[in-house]
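> Take a look at the letters that make up each chain.
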Amino acid sequence: MKKLLFLILIFLSPFLFSFDLNFNYNYSYFYFYKINYFSSHDLVIDVENSNDFLKFFAQFDVRIYQGDSKYEIPYPDIDFSIIGVMPTYIYLSNQYKFTQLYLSLFNEGMNLKIGKFPVKSSFSEIYSPLDIFYFSSPFDLITLKEFPSNFLFSFSKKDITLSFVYQDNQDFFSSKEGLNLEYLNQFFNSRFFISRYSQVRKNLLSIDSIENYLFGLSLLTEHFGPALWNEVLILRSNGINKFNLQFGWDYTFFEKFYINQEFYINFRGLKTPYSDINIINKYLNKDFLIGRYYMFLTSVFKVKEKINISLNSILNLDDRSLIGVFNLSYNPINNLLSSISVVKTFGESKDEFYRIPAVFLFQIGTKF
Amino acid sequence: MAKKIIFLLSSIFSILLFSYDKDYILERVEKNLSVKNVIYRASMKIEDDENTRDMELLLYIKDEKNVYVEVISSSDGNRSRFLKKDNSMWLYLTSAGRSVLIKGHMLKEGFMGSSLSYEDISENRRLRDVYDINVIEDEKYYILEMKAKVEDAPYKFKKSYIRKDIFLPYKEEIYSSSNRLLKEFYIEDYEKIKDVYFPKKVVMKDLLQKKNITTVEYKEINLKDKLSDNYFTKTYLER
Chain A
11 MKKLLFLILI FLSPFLFSFD LNFNYNYSYF YFYKINYFSS HDLVIDVENS NDFLKFFAQF
71 DVRIYQGDSK YEIPYPDIDF SIIGVMPTYI YLSNQYKFTQ LYLSLFNEGM NLKIGKFPVK
131 SSFSEIYSPL DIFYFSSPFD LITLKEFPSN FLFSFSKKDI TLSFVYQDNQ DFFSSKEGLN
191 LEYLNQFFNS RFFISRYSQV RKNLLSIDSI ENYLFGLSLL TEHFGPALWN EVLILRSNGI
251 NKFNLQFGWD YTFFEKFYIN QEFYINFRGL KTPYSDINII NKYLNKDFLI GRYYMFLTSV
311 FKVKEKINIS LNSILNLDDR SLIGVFNLSY NPINNLLSSI SVVKTFGESK DEFYRIPAVF
371 LFQIGTKF
Chain B
3 MAKKIIFLLS SIFSILLFSY DKDYILERVE KNLSVKNVIY RASMKIEDDE NTRDMELLLY
63 IKDEKNVYVE VISSSDGNRS RFLKKDNSMW LYLTSAGRSV LIKGHMLKEG FMGSSLSYED
123 ISENRRLRDV YDINVIEDEK YYILEMKAKV EDAPYKFKKS YIRKDIFLPY KEEIYSSSNR
183 LLKEFYIEDY EKIKDVYFPK KVVMKDLLQK KNITTVEYKE INLKDKLSDN YFTKTYLER
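In order, the protein sequence lines correspond to chains A and B. Numbering of the first sequence is given in my numbering, commencing with residue 11 and proceeding in unit increments. Numbering of the second sequence is given in my numbering, commencing with residue 3 and proceeding in unit increments.
If you're looking for bench data, these hints aren't it; they were derived computationally from the structure. It is possible that some hints are incorrect.
[Stated by the list, open to error] Taking lysine-lysine and the DSS-like style, the derived pairs with C-alpha atoms no more than 27 Å apart in a straight line are: (1) K80(A) to K360(A); (2) K226(B) to K312(A); (3) K266(A) to K207(B); (4) K314(A) to K24(B); (5) K202(B) to K221(B); (6) K105(B) to K166(B); (7) K202(B) to K316(A); (8) K142(B) to K168(A); (9) K213(B) to K130(A); (10) K266(A) to K226(B); (11) K316(A) to K166(B); (12) K161(B) to K67(B); (13) K316(A) to K213(B); (14) K316(A) to K47(B); (15) K168(A) to K212(A); (16) K228(B) to K312(A); (17) K38(B) to K161(B); (18) K168(A) to K213(B); (19) K33(B) to K168(A); (20) K228(B) to K167(A); (21) K67(B) to K212(B); (22) K312(A) to K38(B); (23) K228(B) to K316(A); (24) K377(A) to K228(B); (25) K33(B) to K377(A); (26) K228(B) to K314(A).
[What the hints assert, rightly or not] If you only want the chain A side, here are some residues facing chain B, beta carbon under 7 Å, derived: (27) N32; (28) N36; (29) S38; (30) G119; (31) F174; (32) E232; (33) K377; (34) F378.
Just so it is clear, CB atoms sit at the ideal spot from N, CA and C, and this is done for glycine as well.
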């Protein structure tokens, strides 16, 4: 499929005479308190061309790291090197990648999209298990995000939209497919989502492939003032149903203070305290959240026209550990944005968000 | 005596002939301001005390419940698409591959940093559906004093100075609930198409900021018999 896509793009490129070109440059400086520091230059180039039935979009990302880019800080009381799970540090290398690259063929009511592009199925802002096609942690400020290859067919009739997504992963068994039905309604916008995908699960003794079926129902309304939403999700694997529930609200107070709060309950999540095996399995499978009860918070305070303060956090309500990003951004002139962020965790040595040294990030960027 | 009768009769006739009743005036104004099935191509210029930004817009307006707005290019590289369905407005984020609901409380914020709000850009309801209107007449204008009668009205109170020849506002004054003048809106040019007077160049001034002036020029106005429902769908927005 990737080769076919490439051939189509090569064939079409001579016909794409004029296009919009945007550049976004960012310089970032990372400082891990009393450990190390490094910097990166990041240039993102967007190319877009479209007419009444065809759109081509490419996003190319060049990221050059300078300095000592070791940053992984493992759980302090678990020796991963003995079991060979994780190296002590991960070295970042310079990257040149198409992070998005797709062709979209459409008429008024239908759309066929092929290539690398993001697909999101949930209403939630920070995390939802419904987002099986792509998920990146909002707290990962370092890694370059690259979207996987998808095939999407979408069809709308008035307020109803039906979409089919197929994600082309490297082997057939880890490919994913999903069907999304959305109904726009002034009282309750609703989405029904069904999908099938296989997942490789590892533990210290074996590797297994598990087939999952996922059923989700999301509702979103702003009929009562603040926006309210909830998601109910059932993940069926090996004949066992796993229930997840999410609900949230958001509102802007006095046109200055925005707050978005979500609660997430994973009824099959692990109980605290987490064992060493639980933590090792989390690393082996790259699980994002392993507990049962969580609270997500996003808040933005507009201090002045060009100064914003924001706070994003995840609180594990079982072990009461927390990860947070505090950000102060200043936009001195148009096309120039500067910001300072601090990432900090609060927790004990075997909590989900165990204590790590604070990470400071300074960014300055421009786009044109 | 005959002269007096003729004068009296002619005065009565002139009142009947040349002074319109409130409903007639409002109908004519609404005919110009709440046009259905129309496609606009427009340029928007946003000036503040530091710099100037330009953007090109495409607007599809089917009726008061179905509006589609696309920023097709802008000098700062920001492109975006908006869909208004009923009272909800969706914004498509290309980088995230998703559309998000612009919640009711955020609709009053500036559209792409301009002094026009998201509501100003997408509002197409009849004035009488949104405001209680009192009409006053002076030598030059019909002055409409509009008080919000529905909760989701864009403004609590505004005053509109309607030109008597074309039934388009020359100027609008927008006030806060405490009667403070917040914004001024001017229609500087217009074009007549099929008995409808379309604003051709409009200027919005945000008086709470030192200098924040937004000018919209409608370069192409394409009045259709019917606009397809398919433009006002999630599929078209997220294409």
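> Indicate, hint by hint, whether the structure satisfies it.
Verification of the supplied hints:
1. K80(A) to K360(A): Judged against 27 Å, a Cα distance of about 22 Å means the pair holds.
2. K226(B) to K312(A): violated, 42 Å
3. K266(A) to K207(B): Roughly 21 Å between the alpha carbons, so the hint for K266(A) and K207(B) holds.
4. K314(A) to K24(B): violated, 44 Å
5. K202(B) to K221(B): holds, 7 Å
6. K105(B) to K166(B): With a Cα-Cα distance of about 38 Å, the restraint between K105(B) and K166(B) is violated, given a limit of 27 Å.
7. K202(B) to K316(A): violated, 32 Å
8. K142(B) to K168(A): Violated, at roughly 45 Å.
9. K213(B) to K130(A): With a Cα-Cα distance of about 39 Å, the restraint between K213(B) and K130(A) is violated, given a limit of 27 Å.
10. K266(A) to K226(B): Distance ~41 Å between K266(A) and K226(B) Cα, so the pair is violated.
11. K316(A) to K166(B): violated, 42 Å
12. K161(B) to K67(B): holds, 24 Å
13. K316(A) to K213(B): holds, 15 Å
14. K316(A) to K47(B): The given pair, whose Cα atoms are some 20 Å apart, holds under the 27 Å limit.
15. K168(A) to K212(A): Violated - the C-alpha atoms of K212(A) and K168(A) are around 45 Å apart, more than 27 Å.
16. K228(B) to K312(A): Violated. K228(B) to K312(A) sits at ~43 Å, over the 27 Å cutoff.
17. K38(B) to K161(B): Within the cut-off at roughly 24 Å; holds.
18. K168(A) to K213(B): Violated, at about 41 Å.
19. K33(B) to K168(A): holds, 26 Å
20. K228(B) to K167(A): holds, 16 Å
21. K67(B) to K212(B): violated, 34 Å
22. K312(A) to K38(B): violated, 37 Å
23. K228(B) to K316(A): Roughly 43 Å between the alpha carbons, so the hint for K228(B) and K316(A) is violated.
24. K377(A) to K228(B): violated, 39 Å
25. K33(B) to K377(A): violated, 42 Å
26. K228(B) to K314(A): violated, 45 Å
27. N32: holds, 4 Å
28. N36: violated, 14 Å
29. S38: violated, 17 Å
30. G119: At about 4 Å, which falls below the 7 Å cut-off, the nearest Cβ of chain B leaves the hint on G119(A) intact, so it holds.
31. F174: violated, 12 Å
32. E232: Since the shortest Cβ distance to chain B is 5 Å, the answer is holds.
33. K377: holds, 5 Å
34. F378: holds, 6 Å
Violation of the numbered hints given earlier is confined to hints 2, 4, 6, 7, 8, 9, 10, 11, 15, 16, 18, 21, 22, 23, 24, 25, 26, 28, 29 and 31; the remaining hints are satisfied by the structure.
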